[in-house]
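Asker: Once you have looked at the hints, place chain E on chain U.
Residue strings, one per chain:
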Amino acid sequence: MKLFTWLGVVVLCSLFLNEKMLPLLIGLYLLFTCVLLVVPKLRLLFLVIFTGCIGVFFTFLYLIDYIRPFFLYKTSVEGGVGYAQYFGYPIHFDDLYFFVLLSIFLLGTLVFIKLTKRKNE
Amino acid sequence: MNKYFFPAVFITTVCGFFLYLITACAVYGEANFDSINFLYWNYGAMSGHIPYRDFFYPYGLIQYYLYSQVLATFLYAIVLSIISISIGLYLKSLFKNTFYFLLSFIFVGYFIVSFVSIETFGRYGSLVFLGILMGYLILVKKRALRNEFLAGLSCGVMFSLFFDQGAYGVLIYVLLSFFYLFSKKNRKNWRKILKNYFFYTFYFGLGFIVGALPFIIFLSMHDGLLGFFENLKYLSGVPKYAKVPFFPSLKNPDGIFVTVSIIISTVLLLLKSTGKKIQMEEKMLFVLTLVILILQYKNIVRPFFSQLTFIAILIYINSIAIVIRDLKTSKDLSTKLFFVVVIIMLIVFPFPKPTFFKIDNGFGYVLNGGKVCYTKNTHEVYKEFASLKDDISGNVYSYPANPLIYAYLHQKLPYFLTIYETTLDEAQEKSIQYIKDNKVQTILFDPTSEAIQDGVPDVLRANTLLSHILSNFTIKAHKGKYFVLQKSEKSDFFTDVPNDKEARDFVNRFLNIPMGAIPLSEGKRFENMSDNVWRGKVLVQGDLVKVNQYISNNTVFGKQVFVILKLQNINKDIGLLDFYSNKEKTTIEFHMENNHPWYFFNVSRVPLFFKDRRIEKIDFKGDVEIVILQKPIDYKFW
Numbered sequence: 001m002k003l004f005t006w007l008g009v010v011v012l013c014s015l016f017l018n019e020k021m022l023p024l025l026i027g028l029y030l031l032f033t034c035v036l037l038v039v040p041k042l043r044l045l046f047l048v049i050f051t052g053c054i055g056v057f058f059t060f061l062y063l064i065d066y067i068r069p070f071f072l073y074k075t076s077v078e079g080g081v082g083y084a085q086y087f088g089y090p091i092h093f094d095d096l097y098f099f100v101l102l103s104i105f106l107l108g109t110l111v112f113i114k115l116t117k118r119k120n121e
Numbered sequence: 001m002n003k004y005f006f007p008a009v010f011i012t013t014v015c016g017f018f019l020y021l022i023t024a025c026a027v028y029g030e031a032n033f034d035s036i037n038f039l040y041w042n043y044g045a046m047s048g049h050i051p052y053r054d055f056f057y058p059y060g061l062i063q064y065y066l067y068s069q070v071l072a073t074f075l076y077a078i079v080l081s082i083i084s085i086s087i088g089l090y091l092k093s094l095f096k097n098t099f100y101f102l103l104s105f106i107f108v109g110y111f112i113v114s115f116v117s118i119e120t121f122g123r124y125g126s127l128v129f130l131g132i133l134m135g136y137l138i139l140v141k142k143r144a145l146r147n148e149f150l151a152g153l154s155c156g157v158m159f160s161l162f163f164d165q166g167a168y169g170v171l172i173y174v175l176l177s178f179f180y181l182f183s184k185k186n187r188k189n190w191r192k193i194l195k196n197y198f199f200y201t202f203y204f205g206l207g208f209i210v211g212a213l214p215f216i217i218f219l220s221m222h223d224g225l226l227g228f229f230e231n232l233k234y235l236s237g238v239p240k241y242a243k244v245p246f247f248p249s250l251k252n253p254d255g256i257f258v259t260v261s262i263i264i265s266t267v268l269l270l271l272k273s274t275g276k277k278i279q280m281e282e283k284m285l286f287v288l289t290l291v292i293l294i295l296q297y298k299n300i301v302r303p304f305f306s307q308l309t310f311i312a313i314l315i316y317i318n319s320i321a322i323v324i325r326d327l328k329t330s331k332d333l334s335t336k337l338f339f340v341v342v343i344i345m346l347i348v349f350p351f352p353k354p355t356f357f358k359i360d361n362g363f364g365y366v367l368n369g370g371k372v373c374y375t376k377n378t379h380e381v382y383k384e385f386a387s388l389k390d391d392i393s394g395n396v397y398s399y400p401a402n403p404l405i406y407a408y409l410h411q412k413l414p415y416f417l418t419i420y421e422t423t424l425d426e427a428q429e430k431s432i433q434y435i436k437d438n439k440v441q442t443i444l445f446d447p448t449s450e451a452i453q454d455g456v457p458d459v460l461r462a463n464t465l466l467s468h469i470l471s472n473f474t475i476k477a478h479k480g481k482y483f484v485l486q487k488s489e490k491s492d493f494f495t496d497v498p499n500d501k502e503a504r505d506f507v508n509r510f511l512n513i514p515m516g517a518i519p520l521s522e523g524k525r526f527e528n529m530s531d532n533v534w535r536g537k538v539l540v541q542g543d544l545v546k547v548n549q550y551i552s553n554n555t556v557f558g559k560q561v562f563v564i565l566k567l568q569n570i571n572k573d574i575g576l577l578d579f580y581s582n583k584e585k586t587t588i589e590f591h592m593e594n595n596h597p598w599y600f601f602n603v604s605r606v607p608l609f610f611k612d613r614r615i616e617k618i619d620f621k622g623d624v625e626i627v628i629l630q631k632p633i634d635y636k637f638w
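Just so you know, the sequences run in chain order U and E. Each residue of the first sequence is one higher than the one before, counting from 1 in the numbering used here. Each residue of the second sequence is one higher than the one before, counting from 1 in the numbering used here.
Please keep in mind that the hints were generated in silico from the structure rather than gathered at the bench. Keep in mind that the hints are not guaranteed to be accurate.
Stated by the list, open to error - With a cut-off of at most 20 Å between alpha-carbon atoms, the simulated SDA-like pairs for lysine to any residue come out as follows:
id, chain 1, residue 1, chain 2, residue 2
1, E, Lys572, U, Pro69
2, E, Lys251, U, Leu101
3, E, Lys251, U, Val48
4, E, Lys251, E, Pro352
5, E, Lys240, U, Phe71
Pulled out of the complex, with its shape left as it was, chain U reads as follows (with noise of 0.2 Å):
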């Protein structure tokens, strides 16, 4: 807990070092300390294979942008044109793909904690 608590003291001062890191530092502080917290052991090995799913997410996330394109024109336009029909993109497209990314991510993190369930009991 100490540790923690000194981690948290360290991102809070990076708001004097650059103000702009300060949301993305304080979201993985949040999400790290309140999910290692809970795992009662093999925690090294999970904060490995946690930050590795983290970083997998977050980056498909920011490459959205670069993704999409990949998925036009699959979209059929009727009465008036919306976002979706103008740009040519399927509708509820970030939606699915939220989803599906999230859903990855969790069957990830279930398959680590049934395989290790057994070590840590």
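Answerer: Chain E in isolation, oriented as in the chain U frame:
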């Protein structure tokens, strides 16, 4: 605790909120495409218009009458008090130690006052309240028919007051019921479980109907019930046209916070789901996660993260409560210090301040009856209308969106305020009917109002409505940003143009049509369609010379044909297709892609051909094969 404590707190908060609301006025910072609708609805409420019946309205009655009926203000104060108290009780249930409870309660209070407008808190807080209530009634407490009725009643009341939040509440109930059903450990007696499930659902439905009765009675008394169902039909079509890519966001602080809170809660729930017993804190976290995931859907219209931050805050505090509970070190100084550091972090986190409208008691606004405050910006809009008075005759229709003009002229309201809501085909027909029925003589056209179209040109968004306007009205005057179009069936919009540069430029915007990806996506549909399905007659097919020869020897009306391009060797992103007719040239700009040779154009969608006009020449730079098809009676191309 004294038995009078909660009634006393409730009465005090109701009085506090009521006094605040009754003395406040709604401030509208900018007369932009969105906030202008709220002003318009205020006008509607003050002038006795019934929502759903008289015009399309996507929200509930309580917001509609908030500034014009004391009863609505009082009910709103009650709802705000119930939400506040339920959040307080929920926080109390999370922390057994007073230190954590007080700190989190003070922080949540500070956050709501500083970063959440009171309307956002009332509207989305109502769903948080429903979530917390149903979490307790269904997941935490033992299920009983009385509880189911109470859950249904609450959803029904919220449906009456806020409409969409009540509907989301029903969705949460359905999801929680399924969760409860599949979490039953003793699954052998399925018959009994299903029988109970049926009774639970029945009592919930009964409660919902009782809760929604005031809404139903009110609409029935004002002939608005049918209008409400019609309203639902239009509302269900909105996501299709409003959809913009806003969902995942790491580009702003609130987006990061909400995304992180969703990940924290789901990972925590997964970790805990492998444990032996799921405790109350996890159940409430599950419900709040459901609430935030359901509300994420609101991102369809605009980035919605800033309105969700207070729910994300509750999710985060709930997660921390689980951590502290599990560590069993809540009394340690280091744990308290950790919690303080976390709260400081949340305080310094750069959450955006609400920039949209909020209720405020501030001065420096132009007041209107003490209930609605306009900023000077909006007041300027009224001044602009005053300057147009000499040019306006008869009834007016505003295109694409400036509904304040109806309030200014005390005119009957159209069913749809802006072409944004008018996008659906049926909605466009209804707006055309309004123009006809009310014998509209003037169209007030604001070509600068682009925000409403999300980057979609107005010539495309409500093309059928625009077709009616440009076929029946011509330019009369130009003042400020507005063009005044006057009814004139015999004149021609494109040829009878006043002799000034602005008017000519205004006409030119309807001759240069950016069609975006439409010819490409429609071309792909055409390419994949078999000849049996397609029943159009080919008038001519060949290179540019052959096609131009055909249309110079034959009369081809633009309104009656489709033009299809088959391109070879595409080496550009943008294509330009020109049509010539009666000394006018119209250019269509469209997106091209290397591997897709077919591009489909419904010429009747091009403004120059809204009226019957011959195509006299076609021009395209590049290696092209052109097909001109006669339009069949029924077709499914845009």
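Asker: Does each hint fit the structure? Answer for all of them.
Answerer: Hint by hint, here is what the structure shows:
1. Simply put, Lys572 (chain E) and Pro69 (chain U) have alpha-carbon atoms about 16 Å apart, close enough for the 20 Å limit, and the pair holds.
2. Taking the CA atoms of Lys251 (chain E) and Leu101 (chain U), the gap is about 17 Å. The hint holds against a cut of 20 Å.
3. Of the supplied pair hints, the one linking Lys251 (chain E) and Val48 (chain U) is violated, its CA atoms being roughly 25 Å apart against a limit of 20 Å.
4. A C-alpha spacing of about 13 Å is found between Lys251 (chain E) and Pro352 (chain E), which places the hinted pair at or below 20 Å, so the restraint holds.
5. Under the criterion of a C-alpha separation no larger than 20 Å, the hint pairing Lys240 (chain E) with Phe71 (chain U) is consistent with the structure, at around 17 Å.
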